[in-house]
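Dock chains B, C and D against the given chain A, drawing on the hints supplied.
Here are the chains, one letter per residue:
4 protein chains.
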Amino acid sequence: MSISQMNTFGTLFRLTTFGESHGAAIGGVIDGCPAGITLDLDFIQAELDRRRPGQSRLTTARKEGDKVELLSGCLESPSGSGELKTTGQPIGFIVRNENQHSSDYDDLRDVFRPSHADYTYYMKYGIRDHRGGGRSSARETISRVVGGAIAKLCLRQLGIDVKAWTQQVGNIACCRDWTQLDLSLIESNAVRCPDPVIAQQMEDLILQVKGEGDTIGGIIAGVITGCPVGLGEPAFGKLHAQLGAAMLSINAVKGFEYGDGFAMAEMRGSEANDLFVPASQGKATTKSNHSGGIQGGISNGQPIPFRVAFKPVATLLRPQETADIHGNAVTINPRGRHDPCVLPRAVPIVEAMAAMTILDAYLLNQQQTLPPPSL
Amino acid sequence: MSISQMNTFGTLFRLTTFGESHGAAIGGVIDGCPAGITLDLDFIQAELDRRRPGQSRLTTARKEGDKVELLSGCLESPSGSGELKTTGQPIGFIVRNENQHSSDYDDLRDVFRPSHADYTYYMKYGIRDHRGGGRSSARETISRVVGGAIAKLCLRQLGIDVKAWTQQVGNIACCRDWTQLDLSLIESNAVRCPDPVIAQQMEDLILQVKGEGDTIGGIIAGVITGCPVGLGEPAFGKLHAQLGAAMLSINAVKGFEYGDGFAMAEMRGSEANDLFVPASQGKATTKSNHSGGIQGGISNGQPIPFRVAFKPVATLLRPQETADIHGNAVTINPRGRHDPCVLPRAVPIVEAMAAMTILDAYLLNQQQTLPPPSL
Amino acid sequence: MSISQMNTFGTLFRLTTFGESHGAAIGGVIDGCPAGITLDLDFIQAELDRRRPGQSRLTTARKEGDKVELLSGCLESPSGSGELKTTGQPIGFIVRNENQHSSDYDDLRDVFRPSHADYTYYMKYGIRDHRGGGRSSARETISRVVGGAIAKLCLRQLGIDVKAWTQQVGNIACCRDWTQLDLSLIESNAVRCPDPVIAQQMEDLILQVKGEGDTIGGIIAGVITGCPVGLGEPAFGKLHAQLGAAMLSINAVKGFEYGDGFAMAEMRGSEANDLFVPASQGKATTKSNHSGGIQGGISNGQPIPFRVAFKPVATLLRPQETADIHGNAVTINPRGRHDPCVLPRAVPIVEAMAAMTILDAYLLNQQQTLPPPSL
Amino acid sequence: MSISQMNTFGTLFRLTTFGESHGAAIGGVIDGCPAGITLDLDFIQAELDRRRPGQSRLTTARKEGDKVELLSGCLESPSGSGELKTTGQPIGFIVRNENQHSSDYDDLRDVFRPSHADYTYYMKYGIRDHRGGGRSSARETISRVVGGAIAKLCLRQLGIDVKAWTQQVGNIACCRDWTQLDLSLIESNAVRCPDPVIAQQMEDLILQVKGEGDTIGGIIAGVITGCPVGLGEPAFGKLHAQLGAAMLSINAVKGFEYGDGFAMAEMRGSEANDLFVPASQGKATTKSNHSGGIQGGISNGQPIPFRVAFKPVATLLRPQETADIHGNAVTINPRGRHDPCVLPRAVPIVEAMAAMTILDAYLLNQQQTLPPPSL
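Residue numbers (the numbering used here), protein chains in the order written: chain A, 58 to 432; chain B, 58 to 432; chain C, 58 to 432; chain D, 58 to 432.
It is possible that part of the hints are untrue.
[Said to hold, decoys possible] PhoX-like mimics (lysine-lysine), calculated; alpha carbons at most 25 Å apart, straight line: (1) A/K124 to A/K142; (2) A/K124 to D/K124; (3) A/K120 to A/K267; (4) C/K120 to C/K267; (5) D/K124 to D/K142; (6) B/K220 to B/K124; (7) D/K220 to D/K344; (8) C/K142 to A/K340; (9) A/K220 to A/K124; (10) B/K124 to B/K142; (11) D/K340 to B/K142; (12) B/K340 to D/K142; (13) C/K142 to C/K124; (14) B/K267 to B/K120; (15) C/K340 to A/K142; (16) D/K267 to D/K120; (17) C/K124 to B/K124; (18) B/K344 to B/K220.
It should be emphasised that the hints constitute simulated quantities derived from the structure, not laboratory data. From a predicted model like this one, the values you see are computed outputs, not experimental measurements.
Looking at chain A on its own, in the form it has when it is part of the complex:
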């Protein structure tokens, strides 16, 4: 299933978000979070810190504390443990915007920046918030990271884990087979690549590109492990369709694949098929995992690897030709603060969207059957 609409994501575990880059606050509402989950505030903030600007020299210099305030939906445990527990009610939260420098954007008020959302927002709504990209700013993803962090806390209880990493920057890539990587190293470097040698090359490339006033694209890979059999729906709500929509809704994403993905276009059935092997208690495993842990739209218990392609950031520190709302050709000069490469900070966002997708599918799967007649 997928009942994402407008600014709401998810069917039963639902995140609704609001907020612009230069408005008062970014925030949202998490609805449908199961009751009784322990809310680890330090973990939630740590996830936000992974997304925060200014965390390394690879990212924008905009300084934001990005401190989250939870406004509802939780309660100190009646057990007296001092833990914060979810109550099953909607969790409202806000993150105040602080370091905005709105006046930096004054002369962009009437200009359509190339490959930004300025033109399409203006034409669709007749009005747009020109300050720092308004709603189309990547600051919108703060709310996704909060929702994802809480989803991860639920998944942890279920033994499901979601990890993502920078797999490629420009033409520098680490191994595509995640089983050959040591995922414990992801956070060991600023670029979030689990191969330290490749990570260094990626950093060098990003700094070189930054020095040229340019930007660079890349690919984030991820894997979901511990997922039980049965998540996803047969027709339009196939698990990978949900996962793909989640990833494609992240700013700057241009493609999604799972399992062997586009490479399967060149494969034969005899190479691509995953042969079943009997396992305990009527279950089966597979000899290989070309399918990527999903068959017929439903998880088969194997890991779910996927890849997400990001275009280069559209804001350059170079002059660019473009048009304005009056129909004039104009040249825009470099301004604002930006990332030369969005990948390192996008890793937690990819994880957040994957975590919410899987939790939602898990909750939906709980109602596929009824208790037997004797109950």
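Showing chains B, C and D alone in chain A's frame:
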């Protein structure tokens, strides 16, 4: 927006489908079709014929007329023209299954075929229709083609066109730049590739693979033209997220990209940006179209090209090792009728899903603004 | 929750319907029915027969067999019992229209019948099916009865029961306190009132009204028993809001109340409060049930009684003044076949809508909590 | 249509709410508000002030400023007028809780108050916020009033007006025919009844009941005027079904009727039918309005009157017997601050829910037809 759920696709133009490969009928309900559209029955049937088995030696030998019967939601035009007009009410339809050969599948009742949905359905539901794949059969897409045909009739009235073609089979590919292709040639060959030379090579490869009892994957490309500015939503309902989810919901799809897609991972911003050029009446066009006609999740008026990766068909005419529901290792022998390559028949399905996605986004966009106060 | 849209009802157990009074068929798709439910076809048909026209002299003379054909979503039990089992896949079904007499309606093509949907459909859609009310005909409720019958088969397995009856016709009413009635007598008379003496008076009134070419309204009462604690949502998806929307979506319904309903407007808190009494295993019961089994929008385990007001049928066997689409005042003369009182045939429709509402809420409630960490 | 789910109301104009009585804040997100609407902050605050506690001696003594802070989705008009304009992006807002007195509720931690949501929340979620009713508190409706105020600003631009008033308190009622009332007098008295003589009697009754430590129920009536023809859907999304669900989702509501409502149960068709009269430009009006402005689920252009029944407030200033979570019978003593009659403060809530329902239906109706082929 995207309120697809379970067996329903779309938010305002909604297709709900039902039916198994060997059940009584495949069918569905199209809800939210605008009133007053002329229903060209010949066109709808012709679209089904493009998807029909047995149309060439490249496809399965299963013979099905696949004749659609419309059951509601239309009326002879009050004008007396004899045309059939939509009334704004739900359009129910069925296509009877005829050439089923269910007994072919008797010895697969307890077996999990490799890379099929047998195992996941059985584990999720505790029961599965083993005959010809049941609900996971590609016959489910008949309903999508009917929905897509009616969506195309609406889009035609709006000047929007959707075209898809076989762009790659195995390692044989035609040009990726659709502007270099003559799309009027798509239907000139059985494989539905607009480059006749490449098409012949693809056919040769498919027949060779078929002779070996094997199957082969490929890529279908498509393009949406004539799309106005403004379709799609900023956050979770980005137009390409909707389009991607639509494509990923088709059987055997493993990846989706739009615009320059995965290739943008290697590009720099200075290469990838689409510079705006003033056009008439306050509008703007772009010098290039790396973005693929969508910026910030909203259509910008340029064509929307995309690519969809298909894995090879999982049914082989070779013995394969697998497991059964009793926990035994078993060998399955070739049976059933199948396509050696799903691409040629999947072209109308890709078009159908794209057409429904765009029409839905068009209808949603009609309510973004209110009439001015004077009205 | 309530994600009913257009012609789809329900969130997880979902009924999508199509069909007009004089089209080829009435039908629908039931999506989200749990797998493994035994489909008792005789029961489903018997429910339709309770709604069927021509079942007594109180109802329209239109003769329809109203035989339902299930097209998908079920399978003979793998156990060999011969029972039909649901597979968790969508259940498509149709009921062919037979006894249509469309030409009876020729001279109503351009006329807006008073208190019918002719005017509003015409203004909304620009086209309307004038034959027998088209989509606004009560024949649309055939699909609801099929969906409700299958929901009842699920609820039976859960020990939940739904009953409705004719409580009032015109100014003839039986006792409002359902605990004072013998509900086993509902089907003992044509009007479906469990009080045989009152039932006879109701029949007499209906026949008298019919003899005068007039029609009469009434009230259907119902009660849901065996409902567990916990169904419904706190805010917008309150269980009674869902139930009310379900009832108000039935043709001719003008009001809904539950528990003591409108009578509570005149009560004091000290009269209206239901005091809790400790029961076994940490549960509680209530001394009274003014609340009607729902508190804070969530079922409390007590029976859920409700009442639904129906207006008199708008088709009269008398001349009536009205307007046509050309802006003329016209007089319509009696035509068509109709019920003098809709109540007796509406009883199974009320039950069907209640059954689907409760099953949907039951399924939704299954995902409110996660399994404990040890799992 | 109706895609309200959990804590989200509406399909295209959507309000998502969060917050408990004694949490940090009440708030929400308004999604789908058309762009370019002038946000009159004084009007929004004035609507909240109508709902605010402590506004008269008829209401609870809890003192709350209930000041709303808008966090996103609006921008100073580019025209320089200084007006605040909606941008089409989600409008986040919060209202801080201030005067909470949580310790008042300490001894209710383990007790199920009669006819409150304590028991059902506890059984459903396994945990509940016992402070002031937690999420089930009427403070949740603050968010509805904010959403309704913004909906009213949109409706004003469309010439649609929504008004509600206290029509009955206990057995004191003003005239049921709204056309006989002077609705400009609603705000002239504390009880919000447009008949000043009856209003005084209502106030006297409320104060008398309050003096006895008791509470009293009542009925709020409302009317929607200026509504165009065509709002609402034929089947499950009938306009009155949406309106009814909206009203039934308000705390303490037990019944809903529209047009002549329950009284139509006793009417004959010849009395109840609204005869059409030709009007200008192919439109028609009706001689009477028993139907309540809706026929076949779709608005017919006439006013839409409705009535909503409220039970008496469950919190009494008297001892009451009940049960606790340990299975003990206990007596609760009076505590907390409460309203003796919820009606006066519920008037703006009823208006808010009606306004959001109608605006949502208006937006949905904009996509029923396509522009003609020539466009």
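Tested hints:
| no. | hint | in the structure |
| --- | --- | --- |
| 1 | A/K124 to A/K142 | 20 Å, holds |
| 2 | A/K124 to D/K124 | 23 Å, holds |
| 3 | A/K120 to A/K267 | 18 Å, holds |
| 4 | C/K120 to C/K267 | 18 Å, holds |
| 5 | D/K124 to D/K142 | 20 Å, holds |
| 6 | B/K220 to B/K124 | 23 Å, holds |
| 7 | D/K220 to D/K344 | 23 Å, holds |
| 8 | C/K142 to A/K340 | 23 Å, holds |
| 9 | A/K220 to A/K124 | 23 Å, holds |
| 10 | B/K124 to B/K142 | 20 Å, holds |
| 11 | D/K340 to B/K142 | 23 Å, holds |
| 12 | B/K340 to D/K142 | 23 Å, holds |
| 13 | C/K142 to C/K124 | 20 Å, holds |
| 14 | B/K267 to B/K120 | 18 Å, holds |
| 15 | C/K340 to A/K142 | 23 Å, holds |
| 16 | D/K267 to D/K120 | 18 Å, holds |
| 17 | C/K124 to B/K124 | 23 Å, holds |
| 18 | B/K344 to B/K220 | 23 Å, holds |
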